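Colleague: Sequence:
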Amino acid sequence: MTGTEQGGLCEVRVLGPVSAHGPNGEAELSGTRQRAVLGVLALHAGEVLPFHRLVEVLWGEDPPRTALRTLHSHVARIRQALAACGVPPVLGTRESGYLLDLPAGCVDAHRFAELVATARRDLAGGAPERAAQGLRATLELWRGEPFAGAALVGWGEHEVERLRELRRSAVEDLWEAEIRCGGHEAAALELPRLVAQDPTRERLVGLQMLALYRCNRHTDALEVYGRLRHTLAEEFGVDPGPEVAALHTAILRREPVLDPPPPAAAAAPVPPRQLPARVGHFTGRDGELTALDEVLATADEPPIVVITGPAGMGKTSLAVQWGHRVVDRFPDGQLFVDLRGQDPRRAVPAHGALAHLLRVLDVPDDRIPAEPDERAALYRSLLHGRRCLVVLDNAGSVEDVLRLVPGGDGNLLVVTSRLGMAALAARHATRVVVVDALRDDEAVSLLGNVVGGHRVERESGSAARLARLCGGMPLALRIAAARLLGDPARPIAEFAAELTGPHRLDGLVVDGDSRTVRTVLASAYEPLPAGTARVFGRLGLHPGPTFSTHLGAALGGLSPADGRRAVAELAASHLVTRAGTGRFRFHDLIRDFARQSIDVREPGCDVTDRLVDWYLAVADAANRLVDPERDQVTPVVRHVPTELPFTDKHSALAFLEAERGNLVPVVQQARAGGHLTAAWQLTYLLTSFYDATGHWHERVELCKQGAAAAAELGEPAAEAEMLRALGVAHSMTRRLHDALTTSEQALRVAHTIDDVVGQGHIHNNMGNTYAELRRFDEAVTAHLLAVERCATAGHALGKALSQRNLGHTYTQMGRAESAFTPLHEALAGFRELGHGRLEAGTLDALGEAHLQTGEQEKALEHFHRALTICRDIGDRWLEWETLLDIGIAHLDLDNHDQARHHFEEALTISREVGDRHGESCALGHLGRAHLLAGDLTAAQTHLEAAQAIRERVPDHFEEAHLHRDLAEVAQRREDPTTARHHRETAARLYTQANATAEAESLLGP
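Numbering-wise, the sequence shown is residues 3 to 1007 according to the numbering used here.
Derived from the structure by calculation, the hints contain no laboratory data.
Bear in mind that the values here come from a model prediction, so they are computed numbers and not experimental data.
Built from N, CA and C at the ideal position, the CB exists for glycine as well.
One or more hints might be untrue.
Said to hold, decoys possible - Label pairs and their computed distance ranges (CB to CB):
(1) D64 / L715: 52 to 62 angstroms
(2) D261 / D364: 31 to 41 angstroms
(3) R470 / T870: 42 to 52 angstroms
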């Protein structure tokens, strides 16, 4: 397949963030260098770009020794990303370099250059209107700085500057065309901003001078020239060039050739053109604009288009922007009515809107019917057979819209509203386009477009922070940009600091403009019923990223059904946004507004008490379902929920998974608010959830908060339990020395209160940590102490757990024959207690012991029994471990396909639960499986990916395995130097991990 045949299947964009798009969406490129490679290949599409040129563009004149190999690796990953989004093989290898086999039209930079050349021909040929129209559309190809997100050096920097210069000259062409068409007044308003960004660009200055002259501002035009002459003399010691100097002379002489073109002859009455002017610096919204374009492209009879979203998100701007883009599709007129539905007191009723529309359609006042139905009928009759665009802005109700639906297939109705207008679908075909916050890069681009790109570039980090503080809300961003524009010397960082904190809405105000973020949000809040407004304000105090309707009911003191209705009303008003089944989220600025609204409506209310009580009740109920043996805490709850959000173990785990992002913030808020008992009890009750699902990095912070709360409370039993839990979390995140230190603290506290059972649990945890550190003698001692303590206290569960871990330690030591007795005793104990999770863990440990003794089939039998239990109870962490063990057993049996299948399942789980250690282990095993199957490329890819994770999640023993296998890959590729490096690294890591036998086996005698 040639590049021409492939052209419709791939688009590469470099006029902004570098990206590639295929039939299945955008390619997932990772890293600045992958984007750089793809971008420069796209600029040279159809040409072979030599390897040395690509190395130079990535590393400059002093590349690393591994540069060429790294380049090949980047290209391989680019190919994978392109294939994943449905692009056929277009990135080819030639003897001397790489070739991106695409037509120029598939690259936005090439399209831009071609379209600019066409516009210049129109301008030179006396067609400035066509040139201006073409240039406006062409400049919309730019989405930000060229090659954003890509790191180019050397000749690549010159390519970027070439693109910038092409854009600057296209902007100059546009304003020359606009001035020729009589647009000097608009030019006189916009050109000063452009000149301020590049004050020595003579053509731009000349255009500003001409625009001012044609606006009868002769003195201003001469002053502009004077500033240019002064700047050039001061900075470069030169005078202005002959062209701008000649223009200056012509202005002094007031030569007639500079006068604006004569007005066109009186034309026949034109159809109504009521669309407001486009908003300045419209940014982003590519997806929404495409969705609107599809309405016209795919429907013979266009549906009603509803543009909906929260206040301040730019619904009207989007409607107007798109309306101007498609104005040629509606030659009979564009009608616009602001229904002011956001304010019931000022809303325009349907009969009033109809009267306005009829006047626009040239109906005299004395012929406008009095009855609303007759007005609607006349309105439809007048539009029948025409092709008109009707925009109803700020609609407040479906009833107001229904009377304004035009007749005839050629007309299109676009409605903007904060409400979803779902009831329209019962009468008419509708297409809903939801407008939400801008992406981070779009938000920064909008700031740069308003205040100037150079200013934003100088403080790129602060600009990004400011964009985040505005939450991507276009209204907030424009207000922030306006404040910066009004104070050119003020650092962006200083303004961002002003907006940090609970009162940032106060900073998003511009003198002389009553439309602030607060007033816009207030217009959506004030019409709410009292109960819904109460739920809104109280939910604003929730510290997490999302919330459920059950929480809304609890905070509002409502029944579950009324709580669901209240949250649904908030969602319909776009004061909250759906974030999953039964879950919602706030925009950051709307959350701030909600928190402030509660101060007005409900001073001194008990929101935090209700919130903490609800989480305690939910965690307690979930714990009883997931791990009923964990029964040390029975919380006292004053505000008891009338309905729980789950009914069984699986739904409890699923609900807590959805709540996961809230758990640490809620415990932090409880502790900060003085609810110390609730903070540590909630941490304890959530243990069973984390045991089953992982997410141990979050668990570390949770346990730190719980331990601090218990210490502040002065309850040693609670403190010992929290420290014990923190030690486990440290161990599971591979912070093994921290785990030992914390466990020793816990043990000291447990001794002070003579907590024998607690001592047993802590010794057991310390034994596990010693085993992970391969300090096996200390591990065995700790486990035997744990068995003795729990047996003395008559704690059957603790004794069985310690026996299980003792047996597993024996297996790790290579003494599987010693493991069977404690493991079988533990298994019997767990079955008697009915503890499925620990039964599964013991079956897995027995499988490992049988695997060590060469009984692979018996091992697989135990592993599969363990896996069945894990999946039945929803324990993702133990499922991951068992899948790895099954894969290892299959490797021992040379069943490479089965091994890879199970390793890949384990990899998926580790990524879903965010366990980077587990992800590295699974990748390492996959690498070994590919190695044993003879696929060296796949083996190296997986092993290097696992090794990259180890830089952030160290584990000397596991990392040593990776280097051992990478050494074998290199050896098979006849690369003895690399093989020796990996072997020596593996031996050193094995030694550091106390695995001396493994180290000696690598280095030999």
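Colleague: So, for every hint listed, does it hold in this structure?
Modeller: Status of each hint after checking the structure:
Between D64 and L715 the beta carbons are some 60 angstroms apart, a value that agrees with the proposed interval 52 to 62 angstroms. Distance hint check: the CB atoms of D261 and D364 are about 35 angstroms apart, consistent with the given range 31 to 41 angstroms. For R470 paired with T870, a C-beta distance near 46 angstroms keeps the hint of 42 to 52 angstroms intact.
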